[in-house]
Amino acid sequence: MQTHRNPGSISRRALFALGVTLLLSVGCIAQPRPLAASAALSAPPDLSFVIPAGTASADMRGEPAFTIPSEIVVVTGQSVVIRNDDHAMHYFAETPIAPGQTYRKVFGRPGAFGYGGVLSCSIAERKTVTVRVVDRLPDAPSLAAPR
Amino acid sequence: MHALPMNRPGLARSVQWLVLAVLGGALGVLAVAWVLPPVRLTEPADAPLNGAALTPPRPIPDLTLQRSDGAPFHTADLRGQLSLVFFGYTFCPDVCPLTLSELKQVRGLLGSDADQLHVYFVTVDPARDTAERLHRYVKAFDPAFEGLTGEPAALASMRAAFGAIGERRDAPDGGPNYFMDHTAALFLVDTSGGISLVYAYGTPPGQLADDVRQLARQAHAAPTGPTGRHSP
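Chain order of the listed sequences is A and B. So for the first sequence, the working numbering puts the first residue at 1; every next one is plus one. So for the second sequence, the working numbering puts the first residue at 1; every next one is plus one.
Just so you know, these hints were derived from the structure itself, not from any lab. There may be inaccurate statements among the hints.
Here are some chain B residues pointing at chain A (derived, C-beta under 8 Å) [claimed, not checked]:
hint, residue
1, A52
2, T55
3, P56
4, G163
5, V198
Beta carbons: idealized from backbone N, C-alpha and C, even for Gly.
The following block holds chain A by itself, in its conformation from the complex:
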């Protein structure tokens, strides 16, 4: 079978192919979402605590109103956030958190991190806190829940 083709014409198929190729080229070169942005999107939610007003006074009366768990479990990349709404300074992991301040620590690497009471010339009497950083939380969600 003989196909008739006008030698003096431009195929629309060729134009279409040209357009598609150009679009592919542009799409291949320009990747607008950097890796960091996609990682940020998948960052686990903060594990947050709030030290309520009156905590120090309650402690002095022997009525503890707030305590941080002695062991905290977070997943890699998760932040522990502590906001001090009290009128006194509170310490977490040797970090002084002044009234109105917020503490934030991103735990980016797996492992167990112990704070306080482990050094001969540090504040040995202070409570020890261990932060365990795991790749994924066990199924029981209560491990990481604030008390």
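Given the coordinates of chain A, assemble chain B onto it according to the supplied hints.
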């Protein structure tokens, strides 16, 4: 199939060659793009800082101490630079020498950026840490380190400003020697002169150096603005 009519066959052939050339060029671009890393249209986000961030940064009141070389030190001197402040004493058996050794490593890791970081060792034991002893002690680790001492009241105010603690603990045998229980964390004072990051004892020098580099870069980019990305 419809075709665009062309009156001149020679011209039509030229246009067809042109289309083919553009197609070939585009395919070439595709091949190059496949090989080369992608072009970033936005700047990569900074990595989260390794220290524990305090927001807002804690301001430091105006205090005057004494440098170990005898010159006065004003806390206002901390503004406009990145500083790591540590509270310790020269008789410390473990935490202080280890920390100063690691800070020496931090400066080594920073290489040509080491001058961006200032290190201050504030004594919690002025009774035994004379200026001369303090000077010899800190300079033995790194000539760039600064030892700070002063009147006991001024030093107590300095500790209070940072939320640091230094308390005497007598030796168990009742002898004349004693220990000082003290905060083992490192405090980072940012260019605004506020305490914005705290590093637990044992933070690897590489993590400290990474943070200093990032903060120095940010301070350079926005010299009057806040430093550090404190949230992920």
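Comparing the hints with the structure gives:
1. Among the interface hints, the one on A52/B holds; its C-beta lies about 4 Å from the nearest C-beta in chain A, closer than the 8 Å criterion.
2. For T55/B, the suggested interface contact is upheld, since its CB lies about 5 Å from the closest CB of chain A, less than 8 Å.
3. The closest approach between the C-beta of P56/B and any C-beta of chain A is roughly 7 Å, which is under the 8 Å cut-off, so the hint is satisfied.
4. A hinted interface residue such as G163/B counts as satisfied when its beta carbon comes closer than 8 Å to some beta carbon of chain A; here the least separation is about 3 Å, so the hint holds.
5. Checking V198/B against chain A by beta carbon gives a least distance of about 4 Å; that is within 8 Å, so the hint holds.
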